[in-house]
Every structure is written in C-alpha cells, then in structure tokens.
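Novice: Model the placement of chain B on the given structure of chain A, informed by the hints.
2 protein chains.
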Amino acid sequence: MKIAIAQLNYHIGNFESNQNKMISAISKAKNQGADLIVFAELAISGYPPRDFLEFDDFIDRCWKATEEVAKSCKDIAAIVGLPTKNPASTGKRLYNSAAFLNAGKIQDVLHKSLLPTYDIFDEYRYFEPNTDFHCVDYKGKRLAISVCEDIWNLGVEDLYRIKPMDKLIKENPDVMINIAASPFHYEQAERRKTIMKANVDKYHLPLFYANHVGAQTELLFDGGSLAFNAQSEMVGELNYFDEDLQVFDLENLPKEVKSETKPKKMALIHDALVMGIKNYFQKLGFKKAVLGLSGGIDSALTMVLASEALGAENVHAFLLPSQYSSDHSIKDAEDLAKNLGSPFETISIKSIYESIAKELKPHFKDLPFNIAEENIQARARGVLLMALSNKFGYILLNTSNKSESAVGYGTLYGDMNGGLSVLGDVYKVDVFELARYINRNEEIIPWNTINKPPSAELRPDQKDSDSLPDYDILDTILFQYIENRKGPREIISMGYEENLVNRVLKLVNINEYKRYQTPPILRVSTKAFGMGRRMPIVAKYLS
Amino acid sequence: MKIAIAQLNYHIGNFESNQNKMISAISKAKNQGADLIVFAELAISGYPPRDFLEFDDFIDRCWKATEEVAKSCKDIAAIVGLPTKNPASTGKRLYNSAAFLNAGKIQDVLHKSLLPTYDIFDEYRYFEPNTDFHCVDYKGKRLAISVCEDIWNLGVEDLYRIKPMDKLIKENPDVMINIAASPFHYEQAERRKTIMKANVDKYHLPLFYANHVGAQTELLFDGGSLAFNAQSEMVGELNYFDEDLQVFDLENLPKEVKSETKPKKMALIHDALVMGIKNYFQKLGFKKAVLGLSGGIDSALTMVLASEALGAENVHAFLLPSQYSSDHSIKDAEDLAKNLGSPFETISIKSIYESIAKELKPHFKDLPFNIAEENIQARARGVLLMALSNKFGYILLNTSNKSESAVGYGTLYGDMNGGLSVLGDVYKVDVFELARYINRNEEIIPWNTINKPPSAELRPDQKDSDSLPDYDILDTILFQYIENRKGPREIISMGYEENLVNRVLKLVNINEYKRYQTPPILRVSTKAFGMGRRMPIVAKYLS
Numbered sequence: 014m015k016i017a018i019a020q021l022n023y024h025i026g027n028f029e030s031n032q033n034k035m036i037s038a039i040s041k042a043k044n045q046g047a048d049l050i051v052f053a054e055l056a057i058s059g060y061p062p063r064d065f066l067e068f069d070d071f072i073d074r075c076w077k078a079t080e081e082v083a084k085s086c087k088d089i090a091a092i093v094g095l096p097t098k099n100p101a102s103t104g105k106r107l108y109n110s111a112a113f114l115n116a117g118k119i120q121d122v123l124h125k126s127l128l129p130t131y132d133i134f135d136e137y138r139y140f141e142p143n144t145d146f147h148c149v150d151y152k153g154k155r156l157a158i159s160v161c162e163d164i165w166n167l168g169v170e171d172l173y174r175i176k177p178m179d180k181l182i183k184e185n186p187d188v189m190i191n192i193a194a195s196p197f198h199y200e201q202a203e204r205r206k207t208i209m210k211a212n213v214d215k216y217h218l219p220l221f222y223a224n225h226v227g228a229q230t231e232l233l234f235d236g237g238s239l240a241f242n243a244q245s246e247m248v249g250e251l252n253y254f255d256e257d258l259q260v261f262d263l264e265n266l267p268k269e270v271k272s273e274t275k276p277k278k279m280a281l282i283h284d285a286l287v288m289g290i291k292n293y294f295q296k297l298g299f300k301k302a303v304l305g306l307s308g309g310i311d312s313a314l315t316m317v318l319a320s321e322a323l324g325a326e327n328v329h330a331f332l333l334p335s336q337y338s339s340d341h342s343i344k345d346a347e348d349l350a351k352n353l354g355s356p357f358e359t360i361s362i363k364s365i366y367e368s369i370a371k372e373l374k375p376h377f378k379d380l381p382f383n384i385a386e387e388n389i390q391a392r393a394r395g396v397l398l399m400a401l402s403n404k405f406g407y408i409l410l411n412t413s414n415k416s417e418s419a420v421g422y423g424t425l426y427g428d429m430n431g432g433l434s435v436l437g438d439v440y441k442v443d444v445f446e447l448a449r450y451i452n453r454n455e456e457i458i459p460w461n462t463i464n465k466p467p468s469a470e471l472r473p474d475q476k477d478s479d480s481l482p483d484y485d486i487l488d489t490i491l492f493q494y495i496e497n498r499k500g501p502r503e504i505i506s507m508g509y510e511e512n513l514v515n516r517v518l519k520l521v522n523i524n525e526y527k528r529y530q531t532p533p534i535l536r537v538s539t540k541a542f543g544m545g546r547r548m549p550i551v552a553k554y555l556s
Numbered sequence: 014m015k016i017a018i019a020q021l022n023y024h025i026g027n028f029e030s031n032q033n034k035m036i037s038a039i040s041k042a043k044n045q046g047a048d049l050i051v052f053a054e055l056a057i058s059g060y061p062p063r064d065f066l067e068f069d070d071f072i073d074r075c076w077k078a079t080e081e082v083a084k085s086c087k088d089i090a091a092i093v094g095l096p097t098k099n100p101a102s103t104g105k106r107l108y109n110s111a112a113f114l115n116a117g118k119i120q121d122v123l124h125k126s127l128l129p130t131y132d133i134f135d136e137y138r139y140f141e142p143n144t145d146f147h148c149v150d151y152k153g154k155r156l157a158i159s160v161c162e163d164i165w166n167l168g169v170e171d172l173y174r175i176k177p178m179d180k181l182i183k184e185n186p187d188v189m190i191n192i193a194a195s196p197f198h199y200e201q202a203e204r205r206k207t208i209m210k211a212n213v214d215k216y217h218l219p220l221f222y223a224n225h226v227g228a229q230t231e232l233l234f235d236g237g238s239l240a241f242n243a244q245s246e247m248v249g250e251l252n253y254f255d256e257d258l259q260v261f262d263l264e265n266l267p268k269e270v271k272s273e274t275k276p277k278k279m280a281l282i283h284d285a286l287v288m289g290i291k292n293y294f295q296k297l298g299f300k301k302a303v304l305g306l307s308g309g310i311d312s313a314l315t316m317v318l319a320s321e322a323l324g325a326e327n328v329h330a331f332l333l334p335s336q337y338s339s340d341h342s343i344k345d346a347e348d349l350a351k352n353l354g355s356p357f358e359t360i361s362i363k364s365i366y367e368s369i370a371k372e373l374k375p376h377f378k379d380l381p382f383n384i385a386e387e388n389i390q391a392r393a394r395g396v397l398l399m400a401l402s403n404k405f406g407y408i409l410l411n412t413s414n415k416s417e418s419a420v421g422y423g424t425l426y427g428d429m430n431g432g433l434s435v436l437g438d439v440y441k442v443d444v445f446e447l448a449r450y451i452n453r454n455e456e457i458i459p460w461n462t463i464n465k466p467p468s469a470e471l472r473p474d475q476k477d478s479d480s481l482p483d484y485d486i487l488d489t490i491l492f493q494y495i496e497n498r499k500g501p502r503e504i505i506s507m508g509y510e511e512n513l514v515n516r517v518l519k520l521v522n523i524n525e526y527k528r529y530q531t532p533p534i535l536r537v538s539t540k541a542f543g544m545g546r547r548m549p550i551v552a553k554y555l556s
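Quick mapping for you: the protein sequence lines, in order, are chains A and B. Residue 14 is where the first sequence starts when you use my numbering, and the numbers rise one by one after that. Residue 14 is where the second sequence starts when you use my numbering, and the numbers rise one by one after that.
Please note that a few of the clues may not be correct.
Identical copies carry no separate label here, and so any pair may be met within one copy or between two of them.
Lysine-lysine pairs mimicking DSS-like chemistry, simulated, CA-CA at most 30 Å apart [to be verified]:
1. 374 x 363
2. 378 x 300
3. 553 x 291
4. 476 x 215
5. 87 x 118
6. 154 x 41
Calculated directly from the structure, the hints in this document are not laboratory data.
Chain A with its partners taken away, still in its complex shape (with noise of 0.2 Å):
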C-alpha cells in the first residue's frame, strides 16, 4: 500500500480553497500511484478555526466540504481532520475527528481523546473525548488512526489518564496513522521526532505523521511531517516552512533519511518569522506593508524579515526623527534601506510634537518634562504611520520585541501600534543574534545599528541601560519567569540579586494592562505573550 502524506498550508474558514488544494492533492498522489492520503488535523477549517466551532453553520459547512473532497476519492481513500457533531445528549456538541473517505463518500468518523487546554491550546472548551476506539480495514491493512495529542501521551509527566493507542494496539493494526497540528516553536521539530519515534519505539509499527504548515495569524505551523519504519528508523522528513507532498510505500519503506544538520536556533526562528509575516499579508490579502525606522535594532530587524517575506519593494519604511534623534540613527536608518533597495521618506515629528505640546501646556502648567512628554514623541509617530496605512493600505508592523513588552518598556499607541508584532517573541539578546544572523554573509543591517548600545531617543542621551538592567541579566530573568514559570524564590535561588527579580517581575505583572492591547505577536518559544499567557489585569500577585 502506497501512503501519501499531505503537507498543505490551510486558510481558517475558507473552505473553497482548503477543499480545493486537498482535491488537487489527491490528483498528484493518484498520479503517484498511492492507495491512502493522509491531510492533517481540522484540515478543512483550517486550525485554529476557534469560537466559529460554535456555529451551526461552520460546522456544517465543514462537513459538506469534506462530502466534496471525497468526492474525489476514487480508487484512493483519505484521512481529512474535520469537526463533527457530538449526537449525543450529553457531553460537549462536537468531536475533533478524522474522516475517512473512500469511494466518493465519508465511509468512517474517528474522533479524538486527548484535547490539549493548555498554553495555545482550548480543545475542551470545544470537543467532547472520543471513548470509542476502533481501526479502520482498508486493501487489506488496518489502520490505527488517531489525532495529534492522542500519540502524546507518552511523557513522565502524563496529563491524562488514558493511551489511545493502548485502546487501538489491541486490535493489531498494520500502521499508525496520527494527523496532527502541531505549532512552530523553537525546539518543538526535536520534540515531534522524539516522541514519534518513542511510539514507534513502544508498538511497533510504521508511523504516518501529516502536519499543517503556515501561518495562523500568531500561530506558525513548520510542517516538517514524518514517516518512521517498524525499527524506529525515521525514513521521512517533509518539508519545513513549506508545502509538501510524499508518496511512501508501505511494504518498501525507504532507508532511514538521515536529518541534515539540526537546523540552529536562529535559522529557526528566521524562517518562521517570514513565513508568518508573508501568510499574515496574503490570507488577509494585502501586498504592502509600513514601519517606522528608526536607525535601532528592532526596526532594523523587523524591516528585513518584513522584506523577505513581501519584498524590499513593498516595504515602506519612514524615518520619523525628533529633536532627540541622534545624526547616526537617521544614517544607519538610511543605510538600511539602501542595502535593502526598499522606498524611505522621511517625515519629522518636530512640529507636531510642538503643537501637541502647545496646546497641552495650559492644561500641564508648569509640570516638568516626564513620561508623558517621551509618550506624546512615540504616539505622534503611531499617528503619522497609522495616517499612511489608511491613506495607502499598508499593514503597519509593530517592532516591539519580547523584553520591551515584558517590563512595559514601550508606548502604548504609540511605538506599540500594528497590525501584527513581528519580534514579540523574540528577545532582546536574540535580537541582536538575529540580527548578526542576517549579516552573516554581508552586511545588511548596518553594523553600527547592532553594535551601539539601544535607545529609545525619547530624551537627550537616553539609553536602555538607564532604567533597564543589561538585556543578558534581564532577558535570563524574564526567561525563567514567562517561558519557566518559576517564582521569585527560585529565581533567587539561581544566583540573581532579589531586588532586581522583585523589580523585573513586578514590571511584567503591572504591564499587563499594555501586553492586553498589543497586536498579535508571531510565535516561535514555548511561552509567548497573546492567547498562549492569560494573565489578570487587576492582581497584586509580585507586584
């Protein structure tokens, strides 16, 4: 038996297109000669497809989807990710489930048990678990099918009490198949190879593990979807960042596909990034986008990553320099978009910060200079851009990267204004890392730029070391708090001044308020701000 396995880049709730790309794969596996697709995980709606599960209407409209892609399954049978409706009385009204389809029709509904509710995750708050397991006979093998967590269970650290596989082995099936979405981060490739080759390890059989790739908005899927042999041998490795589609024959596996090098961290989190800025744009449907430079790291960053992914010619970038604003940061800003070959104006925000301030002086009295005066500099550049994204339909890209918005260092509507944080994720010391990153082979991002120490020129000769910690001490604290939640004392107790951890993790705690009003951040850690941390506004836990 010949298995293909379907590597596709979903749209949430498009269920024209998502049907139409699963019906032309099945084509090209046809023609490839194999018996079974695999397609991934509520790959009709696209995942996450989120509170639309509550609707009637979507959940139909899923159905009557999956009913036309098998259409399509003649002399082929395949595995979609659907939801279906729970008809019992009891329980949550629907199953995260994998329809299998065969001669033009859904023939079989599987259903998922293991719903992750955890960081990104909300599956309880949808689907009923299956607790019903069966295999699947089809030219003669059975097949183990199951859904994403259902092979995850297998850690020392069990967050459910049942195994589904331990319910399917029993009736001796011939290959697992699990159909997966399974999100980008980091070091989740590493995880996924371990744990599927851990249940190879455990049953025995062949593994089939069909991913989604793309991006979700926030989330970023990598693909990277596998075939192990019976021996633990991983003898396929799909594409990551990327479509894909491979034909595997069961009775002749393939030898065991050595990895190349385990990509680096930094190369990781690069191509995710792009990809998500890229599928943000055109699943929205724009082509163009605007930021701010401002001659520092962040910016910089943001601008090439923002070009890869849409081109340096669709990237409109605008010095918008103060009083404040030193010459090299207008030059290295400059330089930047040169080296890029991307359009850049130049707009100053003097006069407007002065009418502003004119106008506000009656009502200040004679109050000294303070935050809200740096405020009013960054919000008079939110409106300046916002200006231009409405007049000329450009996706603003906030810079903001993930220790700013940790300890609050940033604006609100002002320098944390956009439609999607590009570097949210990303702490300040990988900034930099990233940023070399890009020039490994030529420079790209002014050396000047990487190399000065980082400002917000909001006021003379200001520098982040003035009211921050250095960014090695503050982002290893932030560490262990977000990605580690660990609590003062055991960060204490790793070596840090208590002060300074009372002081930084007060400063995440209060800031809450503005990490609420942030754009969506693209993630690539274990533990990002957006829907994957739900913290209170109001607390007074370390704060």
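Specialist: This is chain B only, laid out in the frame that chain A set:
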C-alpha cells in the same frame, strides 16, 4: 447548626487582603453564633487567577494563606475555595478545591468535578476533574460540599457525563453547600435561582450557596448568594453588588423570602457597570479618571457611570472639538459636566490636526480626504487624552459601545483607547435605554444628547446612519450573531434582508483585528467581546 454565608470582594493574588477579610468574617460569624462559615470558590486566590495557577509559588501561597485562615477556625469551621496540587503523576497538576477548616487546621480537601471550559471559563486548562466523592461530617451533620459547576449539570443539554450530587446523595447528607464563582450577566441572577431550586427539588435538602461579589477586570460578580430550605423555598438572598454576611439556623430556617420585584435589565447593568469601574480603580490603586466628552451619548453615559463610581470630582472631562464639531455638541458636553459638577476643560484639536496634515501632505500628494483624515482627528484626541492620563495619573476611560465595536466603527489608537471599556458590552439601543434610566428622576444627561441622531463628527454633517443601518435593526442582527451564534441563513430566515445580514456579519468578522487591541470590556451580557469570545483574526468565514 448555624451556617454563615460570607460573600466577599476578593483581590486576585492579594493573599494578605483576602486572608484578612476571611479572618474578620470568621470573627463576625462567631459573634453571631455560627458553627460554620462558607466562603466562595477559589476565594483565597481571587477568581479567576488565570495563568498564575501555573506557578508553584502561587499555589504554595494559596495553601499557606488557607492555613492562616484555618488558625482562626476555633469553635467554628470554615469552607474555603483554593487550588491544590494533584499528587498523582497523571492528569493536570491541580484541583479546584474546597478546604474544610476546623480546630485550627485544614481537616479535609474536596475537589471540583465539572470544570467549565467555555465562554470566559478556562478551568480545564488548569484543573484535573475530581472522581472521588465524599461528604464531611461535622457536629452531627453530614455536609455535601460541592464547587460551583458541580451542581449546574441539571439542564436538558448536559455538558458533562456525571452529576456529582448524585454521588454525594448516596451518603445521605443533611445539607448541600456550594461554593461558587458565578459572574454576572443581566440574566444570571434568575438562572442561578432556578438552578438552585432545581437542585433542592431533586435532592430534598437545604442548600447554602456562597458566591463572589466585586469586579475582577472585565468579570463582574454580583453576589446574590442564596439559602434554600428542603422544601425548595428560598429563605435567604444576600446583597447584590455588595459584600454581605448572613447566618442561618439549619434547624430553624426563616420563612420564604420573597425576592423584591425582579430588577430590570437597565438597573442591573447600571449597578454592574458602576461596580466594575469602582473596583477596577480601587484594586489598581487609582482614584481619578479622564475621558473625552464629545457631546454624544456614549461619552455622556460613561461619564455619569464613572461619576457614580469614583465621585464626580474625580472624573476629568476634556472637550476636544475639531472644525467639524457642532455647537450643540460642545454645549451638550458642557451641560453634562455642569450637571454632574465634574471638572472639565477644552482643547481644540484643530491646530494639531493641521500640523499633522501639513507634514503628511508631501507624502499623501493630492489624494482626497478619506478615512485616513477622519482617523487623524480621532488619534489626535487619543494622544491628548493619553498625555493627560500620563501626566496626572488618571486612567483613560474608553467610551465605545458594543455595536460600533462589533462593526469596527471606531478608530484604533484613537477613540478605541482606554484602560477600561465601560460600554463595550452594551449595544447602542441599550445605551439609549440606559441613558433614559439615568434621567429617570431628573435631567442629568442633556435630553438633547439622547434625542439627537448619533454622529462621529469627523466630517461635515456626518451621521452614523450614513454608513450603518438603523441601530434597532443592526443590534438585533448583531445579537443573533454574537450572543446566539446564529449563522447567516438562520438570521436571514428570521426576516432580515440577505445583503444586509451578509454585510453586517462580514463587518463583524473583518474587524476582529481591531477588537484584538481594545481595552478590557466590563461584561454584562452572555457573550461579551474579550476573553469569552475567541475568534481568529486571519480567516475567511463570512468575510
């Protein structure tokens, strides 16, 4: 046995305050002869603690604070809600528990079985469902203690496979005690009484029900804790929107209390919003608000509610007229501020707008006036209000209503700014009704504000009705789509025009990106924008 219900306003993560509140309630209950005092679900942490639950440090502090409360439990027992660690190596790390405190110690811990994971609830994100049921014996009585949702599973469409009270009833308890965190919406108090009565009807036991009161950012807890005798008569009903403590003699329960006339929807929404504003400021440690007063009904109503919550002297209104502002708008705004006795000042945005337009002219070329210029005005106001907020430590109140938020009729980083959205869950038709409710005894909001046609005044003679359908039609379509989750075909079949329905639903969906960046919204309906409604930004369903 005398049982006290303590209905308190907790502060998330403020263990010292929560613990002290409980200790003083214990002392008060003891003085009134109580043998047992019942606090709410997750009372020790405040509800909802959200991802703070993922921190061991947080969980440890919950336990320690509960131990502190237990020390006060001498000659009186207490039931306190807290998260506890799941000692098993399988399943989620925590339980949502009820601790039974007696003789200075935590004597028993019981866990919640049914974990609401829908709308604003995320409990299965954190908690393992309980499967071990037992009652607690105390002073010759057997107590059936349950946590919130555990007694809600009585409806026709059951979300869960078990009914915990069916397990507990087998041990022949004498009384049911339920600790809850049941947030307000304008129909919830009635639902709560119905479900409590249904439990007593079924199990023929007295029931004591302890709820939270107070606001936790967007979630409003209205209190309304209840006591029933075994004959299904409601014999106690604690305060709404206020703390309360009442003691009941189990052997000698009072007569049925007749609920006062069922409060009207507008009175409920009014009280909820005032509490929401008040607690948001109190718990964040702020006293003063700022808002832009346009002369329109949304900002007028917001200002009245804020004045009730914070005192009129603490609400600073700014009139921010442009060349498009009508004279009557300015007068209406001034009249309102004078009626309330609030401070108000005026800043024209004309020269700021002109300085922005002047700088943009070379870049805009000769493109015609459009939405870009309209938004500049809204954003100029946003910059001024945030500058005042920053300079004086005021929280900016957002004045957008649910109808405009739904269809994207508002400017991101302009009038959509604010620390808290007061009316974001109130449709425009209800904004009018609420304004009339405010004026029920005297003219507080100028009648002219209520009676004139709504306008954003961002271009000459603009009216909302130029680009939107009449609000009574718009709001009904929105209600069917948002609260009732009806799809296009279902709404059209109710008699609405097909093009209009499609247009409105599309507007809702394509404006998800704007709502992603709006302030937290005080929730008063069954489906508010925010944590209870989770939609993809990049999607193609109905758009």
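Novice: Regarding residue 374 and residue 363, is the shortest C-alpha distance of 30 Å or less found within a copy, between copies, in both, or in neither?
Specialist: both (16 Å within a copy, 16 Å between copies)
Novice: Could you place residue 378 and residue 300 in one of the four classes (within, between, both, neither) given a Cα distance threshold of 30 Å?
Specialist: Result: close only across copies, 21 Å inter versus 46 Å intra.
Novice: Reference check for the pair residue 154 and residue 41, CA-CA at most 30 Å: within, between, both, or neither?
Specialist: Within one copy only: 23 Å inside, 72 Å across.
Novice: As a check of your reading, is residue 476 near residue 215 (CA-CA no more than 30 Å) within one copy, between copies, both or neither?
Specialist: neither (55 Å within a copy, 68 Å between copies)
Novice: State whether the alpha carbon distance between residue 553 and residue 291 is at most 30 Å within one copy, between copies, both, or neither.
Specialist: between (40 Å within a copy, 17 Å between copies)
Novice: At 30 Å max between alpha carbons, let me know whether residue 87 reaches residue 118 within a copy, between copies, both or neither.
Specialist: within (9 Å within a copy, 69 Å between copies)
Comparing the model with each earlier hint shows a violation of hint 4 alone; every other hint is respected.
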